[in-house]
Amino acid sequence: GQQVMQIPQYQHVQEGEDFTTYCNSSTTLSNIQWYKQRPGGHPVFLIQLVKSGEVKKQKRLTFQFGEAKKNSSLHITATQTTDVGTYFCADQAGTALIFGKGTTLSVSS
Amino acid sequence: NAGVTQTPKFRILKIGQSMTLQCTQDMNHNYMYWYRQDPGMGLKLIYYSVGAGITDKGEVPNGYNVSRSTTEDFPLRLELAAPSQTSVYFCASGRPTNEKLFFGSGTQLSVL
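As you go down the protein sequences, you meet chains A and B in turn. Throughout the first sequence, residue numbering follows my numbering, covering 1 to 109 in sequence. Throughout the second sequence, residue numbering follows my numbering, covering 1 to 112 in sequence.
Partial chain A-side listing against chain B, Cβ under 10 angstroms, derived: (1) Q9; (2) Y10; (3) L97; (4) F99.
Calculated pairs, DSS-like style, for lysine-lysine (alpha carbon to alpha carbon, straight line, at most 25 angstroms): (5) B:K57 / A:K101; (6) A:K70 / B:K100; (7) A:K70 / B:K44; (8) B:K100 / A:K101; (9) B:K44 / A:K36; (10) B:K100 / A:K36.
Calculated directly from the structure, the hints in this document are not laboratory data. Backbone N, C-alpha and C define an ideal beta-carbon position, used for all residues, glycine too.
Construct all of the structure, not just a fragment, from the sequences and the given hints.
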């Protein structure tokens, strides 16, 4: 079945360092959504990317969609302790959203 | 608006028992979903519905059943609970394709 792979599975950074998580697929992605889940919480929508090569920014977060629509990335500049959580990418598979396994980010101050 | 409401928040079942996880949304969304989340495994789609009276299987439907008699409600039924069904269950809703999903706060289920 359709799969999206995320790497790394875990990442620990010092506060102020940058962080990047990658989402890859062997097949063309229709569109990519990114979600954040705080510890003990539920996934919350961050952004959707639809177009090949698309780049979107939300404050310190930068989201990219690959030119071939087979990969996507989320980059956080100068991480803060509030960035702690698990970041998921998800691909639209027909009427369903298929999630990657997520990247769990921990930040030490 | 309350958004997506799930009950109960926590539940412990014995092997072989049955239960229904409740999910209701007040956003008039057509699409509703059930996911389960196991540590390090991301979110796996169990069942989904594109409208009242219509349901379809997701990635891991075995051991579960759903119904969608109204737009608002999408209950998930576990028959003959097994330890492998120990997980956190999330219900989500959204508009037609390419719209974001809104998640409930989850139900933590343990089967012992």
